[in-house]
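Visitor: Here's the letter readout for the chains.
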Amino acid sequence: MSTRAEFLRRIRAELARTPALFPATPSLRPAHPREVADTIRRELSERWPATLQRFQQEFERVGGVLHRVATVQEVPSVVGRLARERDARDVLTWHPSALGFDPARGLADEKLTCRTMPEAVPDAAARRALRDTIATTPLGLTGVDVALAETGTMILRSGPGRPRSTSLLPATHVAVFDRTALVESLAQVAVLLEAWHADEASGAVINFITGPSRTADIELTLTRGVHGPKDVHAIFVERPLRE
Amino acid sequence: MSEAELATPFRDRAGRALQDGFLQQALTIATTKFLELRREAFGEFPEGDALRDRARAIKEATLQRLDHYLEQLVDNVERLGGHVHFATTPDDARRIILDIAKRTGTRMAVKSKSMATEEIHLNEALEAAGVTPVETDLGEYIIQLAHERPSHIIAPAIHKTKGQVADLFARELNRPNVPADPEVLTAIARAELREKFLQADMGITGANFAVADAGTVVLVTNEGNGRMVTTLPRVHVAVMGVEKVVPSMTDLAVFLAILAKSATGQKLSVYTTLVRGPRKPEELEGPDEFHLVLLDNGRIAQLGGTLREALYCLRCGACLNVCPVYRSIGGHAYGYTYPGPIGILLTAMLNGAASVKDLAHASSLCGACADACPVRIDIPRMLIELRKEVDEKKIAPWSERVVFTLVAWLLRHPALFRLAAPLARVFQRPFARGGRIERLPLFFGEWTRTRDLPAVAARTFSERWAALEREGR
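Protein sequences appear in the order of chains A and B.
Residue 132 in my numbering sits at position 132 of the first sequence, and the numbers go up by one each step.
Residue 1376 in my numbering sits at position 376 of the second sequence, and the numbers go up by one each step.
Chain A extracted, bound-state conformation (with noise of 0.2 Å):
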């Protein structure tokens, strides 16, 4: 394409008249992301208390509610819980696979009618009929890739089985996590996005959500839920989901 030549010419013909401004140099990067991550996955492994405790603190204070569970099979009561208060009968939730376990049948038990994200993609009409489902659904339920604590923010990675209006168009969002999504600092999140990004079949998006959804654009008074959810909601189980 010409215009990209031209455009990268006129770029370097500025540079090559202009010295710098001064010595300067990006960040180093780890050389091998993955095994950095895993690393520090097994370091974090063993303070996950006091990490979780920050987390609690921070996502507090940004307007979120935690919730702590001994067992996965807690998990569905908190929902109803919540579903009650808020005249909800239709929870929409990730696939059980992206979930790291079925609420289908709890769910049931609380009286809900649980609307499951296919894994595998179906037609375009089906996919239309899906995102009304979705945009209709007043209580979505997800997983969380990373609770990262300094700030109080989950990570949610877009893909199969997991997608990502789940978490925005409902009013309310409520999402699972067990130790292992634990990291401390946003340092420690910049080495597994570098390992993510070297692996090929991730999703198309990225998702950080620290709170819900606010805004202060009238005379600077905090409003919630402007356009994603109102109530941000994490329920924290203390067995891993995985064993």
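Everything labelled a hint here was simulated from the structure, so no lab data went into it.
Given the structure is predicted, the values throughout are model-derived calculations rather than measurements.
One should not assume that every hint holds.
Claimed, not checked - Dumping the calculated DMTMM-like pairs for lysine to aspartate or glutamate here, alpha-carbon to alpha-carbon at most 20 Å:
1) B:K1280 - A:E200
2) B:K1033 - B:D1371
3) B:K1280 - A:E119
4) A:K230 - B:E1195
5) B:K1162 - A:E219
6) A:K230 - B:D1181
7) B:K1196 - A:D132
8) A:K230 - B:E1192
9) B:K1280 - A:D123
10) B:K1280 - A:D145
11) B:K1357 - B:E1400
12) B:K1280 - A:D199
13) B:K1033 - A:E219
14) A:K230 - B:E1183
With the hints as your guide, set chain B onto chain A.
Guide: Here is chain B on its own, set in the frame of chain A:
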């Protein structure tokens, strides 16, 4: 502010802003609050200073090899199934986007907040081509309904009261009896815009960053509209200035750590969205097409120009909040897309030095902006460079140039300078009152129109010094 209003001189626009009681109050409240939040955020973040230095170094390092990082970005975006376009002028950018709209049969485009699309006046072009643009950031939505332009980089509607917003919604959205309650107003906007997100064919965004070696465009929002417009419509177009590229995810994390703290005092904004091209075949949702429009619009020429350092800017708005001039006159008085201290530099970059002949002086050079800038851009240095350029290129009014030339000449000749003091004491006699000169005749009056000039003292410092030496003390 419309472009036509640019016909009024800067000092009249500023004067009007200073007379506007509500604007004055709104500006003070907003900028003071942003300042406080920013101070608190960095206060409990001891590594902040070191990270700001790091971020500055990354920006400089990226510019030094901008060709390399852009090529890498382009290759990776294409590898992930996206399309990259190169726009030298705003016209190029508009044509590229209109072509995509036409080819994809786009009738409505939802937009998340983007200064780059403001800069190229995209909305007008879309409307003219029969595509309805819908701004979805609440602040931008309000000013779009009001047919205005943003007055702050991150809080575009801070100049409006909730009462004004309620009236606006009542009129434009046919909703009578809307209470002036931000909670209710926000809920109305949510309902209105939710429909648009679901109907729109195209989502248009800017880009806070683009990670070269990951081919990833990064959007930071608080409302979630950035996620909506990149998830629901069939086509996603991202428009970004070429300087927004960063080398790696490791670099990205450094910027994320300081951006929201500088802008709103949050540790992170609510949503940080990393977009790696269109929907993957195995995914349920996301756009079928992803386009990245790389915008030059005067940036490339500044790689080797006096404004190079302004290319580090993250558009956080921190320099606006600390600037005594911005805090007094607000964003509209500047008259262009980008207000505040950094806005003056960006305006000069986009529109040439002539466009800032007045604005270059709309700064006290106090240095608060450089101090607040997360990447420590030396804004005052470049403002002085601009003033020099405005003078040298004879853009400044002749009277100003004559006076400055005379004064400069006088200052270079000590004998004449010493002679000037007693002369000035004679000439100032009709004008000086209590050691101040409040009004000068002729074009000198321009200087005293908005400020007093101190009168030449009865004895100057050098006269006193000479006297002291004579007394042998």
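Visitor: Hint by hint, say whether it matches the structure.
Guide: Hints and how they fare:
no.	hint	result
1	B:K1280 - A:E200	holds (11 Å)
2	B:K1033 - B:D1371	holds (18 Å)
3	B:K1280 - A:E119	holds (13 Å)
4	A:K230 - B:E1195	holds (17 Å)
5	B:K1162 - A:E219	holds (6 Å)
6	A:K230 - B:D1181	holds (17 Å)
7	B:K1196 - A:D132	holds (14 Å)
8	A:K230 - B:E1192	holds (16 Å)
9	B:K1280 - A:D123	holds (14 Å)
10	B:K1280 - A:D145	holds (19 Å)
11	B:K1357 - B:E1400	holds (11 Å)
12	B:K1280 - A:D199	holds (14 Å)
13	B:K1033 - A:E219	holds (11 Å)
14	A:K230 - B:E1183	holds (12 Å)
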